Amino acid sequence: MSSISSLSKMVSALMSSQQALNTTAHNLTNVDTEGYVRQQVMFNDSTYSTIGQNAISTLSVGMGVDIDSIYQVRDIFLDQSYREEIGRMGFYEAQAEAVNEIETILGETEGEAFSEIMDDLWTSINELAKQPDGLETRANFIQNAVVFVEKANLIMEQINDYQSNMNGQVETMVDRINEIGAEIDSLNDTIRKEELTGGNANDYRDQRNLLLDELSGLVNTSYREGSDGTVYVNIENVPFVISGSYFEMGLTQSEPLSDLVEPYWPHLDTTVFNSNNPTGPEYDNDIGELKGLIMARGSRQANYTDMATEDSYESIESSVIMQAQAQFDNLIHGVVTMVNNLVSPNTDTDPAYLDTANAPYGLDGSQGTEVFVRKYVTRYDETTGEYIEEDPDNPNTLYSAGNIEVNSDLLADYDLLCLSVTSGYDGDTTIIQSILDGWDAEFSTLEPGSTGEMDFTEYYNAFIGSIGNIGSVATAQVENQSLMSTQIDNQRLALIGVSSDEELGNMMKYQHAYNAASRVLTVMDSMLEQVVTSLGVVGR
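Residue numbers (this note's numbering): 340 to 879.
Any given hint could be a false lead.
EDC-like cross-link-like pairs, simulated, lysine to aspartate or glutamate; straight-line CA separation at most 20 Å [what the hints assert, rightly or not]:
1. Lys714 <-> Glu725
2. Lys848 <-> Asp864
3. Lys469 <-> Asp779
4. Lys348 <-> Asp864
5. Lys714 <-> Asp767
6. Lys532 <-> Glu496
7. Lys714 <-> Glu496
8. Lys714 <-> Asp732
9. Lys469 <-> Asp458
It should be emphasised that the hints constitute simulated quantities derived from the structure, not laboratory data.
Remember, predicted model here, so these are calculated numbers, not experimental data.
Given only the sequences and the hints, what does the whole structure look like? Please build it.
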């Protein structure tokens, strides 16, 4: 009986060593596989057989060795730290990328800078003051006004297009989040079934952990693993993946009349991100590329009317895109209306009309020809002559970037440019000087409620500086988060990564153990054969 027992022990040693060799080979095979976590074999004593008992203890003999488990070498605290840091890095990457795009569009770092176009327009006004009735100076002013308007319109169009592009990224990201949810749910089911039958689901766990890494970069994620191997995932503290199912994220209109969308939970009929809650490091909620993207993008296209009051500005200041749209448009509106109100002034009545008593004249004796016109709405009603007021609820009525152009009548006839205080030009430069004074006058602050109004040039420089500061802060945050996430990931990789040298050492160890068990088994086999053979001879 003891010989058979010894054979059983050697078989268990062979099988355990073989399993250890297979695990080591599996590690070596996946040395370069992304997301793979090295596996280790945990040996355990097999059962014991009682052969006697003395006064102090029970006499037992071990029956061999078993594989207790094949486990993954992971540190859940490193995983959680890494996923939080890459989520925060994704948030600031979206902010930094938006600022870089705005700076590129404005052309201040490369290409044709808008500041140069403003300088050219101001220079042409100065030249016009020297020779107001000159065809060349008038043509130069009109052409610089055309360049100014076209560049302003182009900048606003490009910012709006980039905002739409960001909206497409939001839609793509939400689709990917839903795909990850479906994949995690499927892997939960596979892992649960595999481990229920005693199988090894470590490779499936690797796939699931890789998906959790990706998801954590996109949204603020928390998770826990149940006793059956199911991972329960929350997004922004709302259940996303549960046992046997997941809740799909949907899209809804961010604001009435807006073309932009934002993610929401259809089953709860609520948005994923609460815009009323402040966001920042002090609140520990500046996490997730999706949130950073939506905050940078904003909820709609902004314009100068959002700069009217502190309350209206407060609704856009968290979005770098909407802030840029409003502040830039505020500048364009200021320049355009300053010039128009001097060459085509309105009365102080309600409703207002062209102030013919004070309106300057063109060389042909005409009055009321504005330099900058709205594309779809005239300055004065063609029937009543009433001034058509700018209405924030009707974008077509706004002297706003993207909605203005130089008066086509002026392009056809420079004599229509109204610069003279008398119907017959007498060399007076009062109107031109008023335009120059208006250019240098205090115009606006960069943010409503702040002190220190600036002229157009100072305002634009402050605008560029503000955008640069936002980008600098976001870039610094990205660099900091990148450093932290890299350091944590290096610690993770040192723990979970496969070392070929270590695995080759394990292979030799398990191979020697296998060979030793094999030799013992061979010796036992020879002994049994000898016993059986000898007994057979005696029995004849």
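Taking the hints in turn, this is what the structure says about them:
no., hint, result
1, Lys714 <-> Glu725, "holds (18 Å)"
2, Lys848 <-> Asp864, "violated (24 Å)"
3, Lys469 <-> Asp779, "holds (18 Å)"
4, Lys348 <-> Asp864, "holds (13 Å)"
5, Lys714 <-> Asp767, "violated (31 Å)"
6, Lys532 <-> Glu496, "violated (54 Å)"
7, Lys714 <-> Glu496, "holds (15 Å)"
8, Lys714 <-> Asp732, "holds (16 Å)"
9, Lys469 <-> Asp458, "holds (17 Å)"
Consistency with the previously given hints fails for numbers 2, 5, 6, ordered from lowest to highest.
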